[in-house]
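> Here are the chains, one letter per residue:
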Amino acid sequence: MIRCLSPVTRGCAAAVSVQLRSGFHGSPASAKSRPVPTHFNNEDKEKDWSPASRDDLFEQVARETKTKATFNKVIEVFTRQDVRRRGHVEFIYAALKKMPEFGVERDLSVYNKLLDVFPKEVFVPRNFIQRMFNHYPRQQECGVQVLEQMENYGIMPNVETKVLLVQTFGDKSHPIRKYQRIMYWFPKFKNINPFPVPEQLPEDPVDLARLSLTRIANDLDAQVTVYQLPCTDVTESGEEVVVPHIVGIQSPSQMELLEKHSVDRPVFVEGPFPLWLKRKCVHYYILRAEPLPPELKTEEPYDPERCLDYPLQLDLDLDLDCDLGDDQSFDVEDLDEGPVFAMCMTSQGDQFTLNQWISGLQQNNPVLGRVPTLFRLDSSPRELQKTDHTRSDHKQEPSFGTEGEEEPAEEPEVLKDEEPRRSRGMKQ
Amino acid sequence: MCALKLLRCSHYQRLLLPSVSPLSVPRRSVTPSEYRRPGQPQDKRRPWQKVNFNFSKGVEGIKKHFTLLKKEVTDPFIGPEGRPLREHMLEQNRVLWEFKGPQDLEQWTVSCDQEIGGHSEVHLKMSRNNSTCFLYGTLSSVPPKDGETRYSGYCTMRSKKPQALFDRKKHHDWTTFNTLYLRVRGDGRPWMINIAAETYFSHQKDDIYNYFLYTRGGPYWQDVKIPFSKFFLTHRGRVQDDQHPLWLDKVNSIGFTLGDKVNGPFQLEIDYIGVCIDYAHTEEFAYELYKRNPEV
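In the order they appear, the protein sequences are chains A and B.
Residues in the first sequence are numbered consecutively from 1, following UniProt numbering.
Residues in the second sequence are numbered consecutively from 1, following UniProt numbering.
In isolation and in its complexed conformation, chain A is listed as follows (with noise of 0.2 Å):
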């Protein structure tokens, strides 16, 4: 194989197949500057059979702009340059790889249209031999390629695909067995997902925040304040400041347990962790206290009269003892982390930004102003921080010596924050 390549270097591969075919053919080789890819002419595209030209043609489309238009006038321009389709599989193939840059790989009207370039009627079988034997083959291999690409990435295909399928393949053919394989499955797990997001998530940071908190929280009681709004100020000295949003959630049964929070054990404000809504990460920050030392717990009594409609406790003097049958819980310890008392996003997570959120809590929560507050923020997402009950019972007051002793790894940024904080002007 010779490989001179042209002198014009424009589309490297397209020049070797121009060259190449020039000694089969013997035509005169045209090395000459290749036409704008929105007005392929005919002649041009009929003598192009390279494989590689299938890649270039996209490649000259893609130079432009990458949308489902120029994607869909490639296939068109595919299909409409031959009756027999040569090398549509490989288009097939080339399509499909370069899918994801057209951004058109979610879509299943592309899909259809990539499907109907296959020509119909050709690889049907006509007898049982040839229904037995894989007929076809690799153009049924691609059809099930078109296919699998639709499922990787969660398409379901629709009438028109089957449609499509079976005017190309025959009933029987693997494409059709696939396309019945998604039908079956797709719909099963299409909804079992008990905590569903949105297929199109906001685009307001406040809004997808006020999503991602109320997500979390679960807890319809919870109430979302938006303590700031995003906005751009411009100081005297012409500086732009953004300031970031901060939206906060709590529910009743938080500021409850809040409200008594003893004034001497410090409250935390941690954070950032991650949070996925499909494929978005959203970061929040918690405010919570350490686990109280097991000597400090007291057994509250139920309160009889907080739900009337549900006993909250029963005492039915059964001898369970002696019963396992009737003992349906695990056998585990439980587990105390200390309680969570509020939440909050915010787009920028220093500590100033948190320190408004906190001022912005002591409108409804009081007693955050007699609470020292520290911060433990990390600029990498990470598990909640916990510390065991034997290392905290001797740490009463929280100082910068113990808690550098504690966690020498984190070196978290700790503050203390004593003074009663003004609460400042909450815009709504």
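These are computed hints drawn from the structure, not numbers from a lab.
Check each hint, because a few of them may be wrong.
Pairwise CB distance ranges, derived in the manner of DEER restraints [what the hints assert, rightly or not]:
id, chain 1, residue 1, chain 2, residue 2, range
1, B, Val95, A, Ile129, 58 to 64 Å
2, A, Arg279, B, Leu69, 27 to 33 Å
3, B, His123, A, Lys68, 37 to 43 Å
4, A, Leu296, B, Tyr220, 18 to 24 Å
5, A, Pro230, B, Leu90, 37 to 43 Å
6, B, Ile78, A, Lys260, 19 to 25 Å
7, B, Glu295, A, Lys68, 32 to 38 Å
8, B, Tyr279, A, Ser262, 38 to 44 Å
9, A, Pro230, B, His123, 18 to 24 Å
10, A, Leu201, B, Leu69, 38 to 44 Å
Just so you know, these numbers come straight off a predicted model, no measurement behind them.
All C-beta atoms, glycine included, are put in the ideal place defined by N, C-alpha and C.
Since chain A is already given, all that's left is putting chain B on it; use the hints.
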């Protein structure tokens, strides 16, 4: 003229060769062997060369097996599986795995797509409170550039198979239970639970029963109950047409896999894994058994 025709023929032949990546179906051998990366040289060592004749390893083995021997001798005097008969007959639930210390992490193996040349990372350690396990890492679904592998991006944690004395096979027997119970805290990502049961034929050795584990995210723990009837059969990642319910008498291992094609860090904390009986659940199998899915 004839020669020219021939030449043209051969020209078309050549052109029919695939232009894009080979997209080849992985070759199947008669004797299934371990996964070998494309381009990796074959392991030509003799079987005995792979055995580790380390003295300290031998001592470890003797210790382990004598402990097991003692257990196997004394256990029948107490009752089945070393528990009193009453407890064995009346138990409603059983905690299978919990994480009380680093020794409990020994029962698990973690792996990710680095084995096939991917770029994911996964680590397993104890959480800060020292009573739960913490699985974390980064998922990357960039396929390795070996020309054959098309998909990549998984991270998994799998329990080791239980072993009896002299490395005999031992299985979990969960026939008295019908529900898997987990206490987890994730970050909103969907996971998959894999249960591998003992099979008879060698071609079934990659048969795994799967179901999904959705996490809510957030600072609160989440109790998950999954009936065993919902687990569906897959073989090497492909859902099978011919479905069967999971037989619980010989369960080898349980695993958690993340592969949601979203690149980024992930974390999952597990408090404990148990099985229980849900008397309200009477379903035997959630998928159609009277015909193949889809019908042929």
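> Next, verify each hint and record whether it holds.
Verification of the supplied hints:
{"no.": "1", "hint": "B/Val95 <-> A/Ile129: 58 to 64 Å", "in the structure": "holds, 60 Å"}
{"no.": "2", "hint": "A/Arg279 <-> B/Leu69: 27 to 33 Å", "in the structure": "violated, 53 Å"}
{"no.": "3", "hint": "B/His123 <-> A/Lys68: 37 to 43 Å", "in the structure": "holds, 41 Å"}
{"no.": "4", "hint": "A/Leu296 <-> B/Tyr220: 18 to 24 Å", "in the structure": "holds, 23 Å"}
{"no.": "5", "hint": "A/Pro230 <-> B/Leu90: 37 to 43 Å", "in the structure": "violated, 59 Å"}
{"no.": "6", "hint": "B/Ile78 <-> A/Lys260: 19 to 25 Å", "in the structure": "violated, 46 Å"}
{"no.": "7", "hint": "B/Glu295 <-> A/Lys68: 32 to 38 Å", "in the structure": "holds, 36 Å"}
{"no.": "8", "hint": "B/Tyr279 <-> A/Ser262: 38 to 44 Å", "in the structure": "holds, 43 Å"}
{"no.": "9", "hint": "A/Pro230 <-> B/His123: 18 to 24 Å", "in the structure": "violated, 36 Å"}
{"no.": "10", "hint": "A/Leu201 <-> B/Leu69: 38 to 44 Å", "in the structure": "violated, 58 Å"}
In this structure, the earlier hints numbered 2, 5, 6, 9 and 10 are contradicted, and the remaining ones agree with it.
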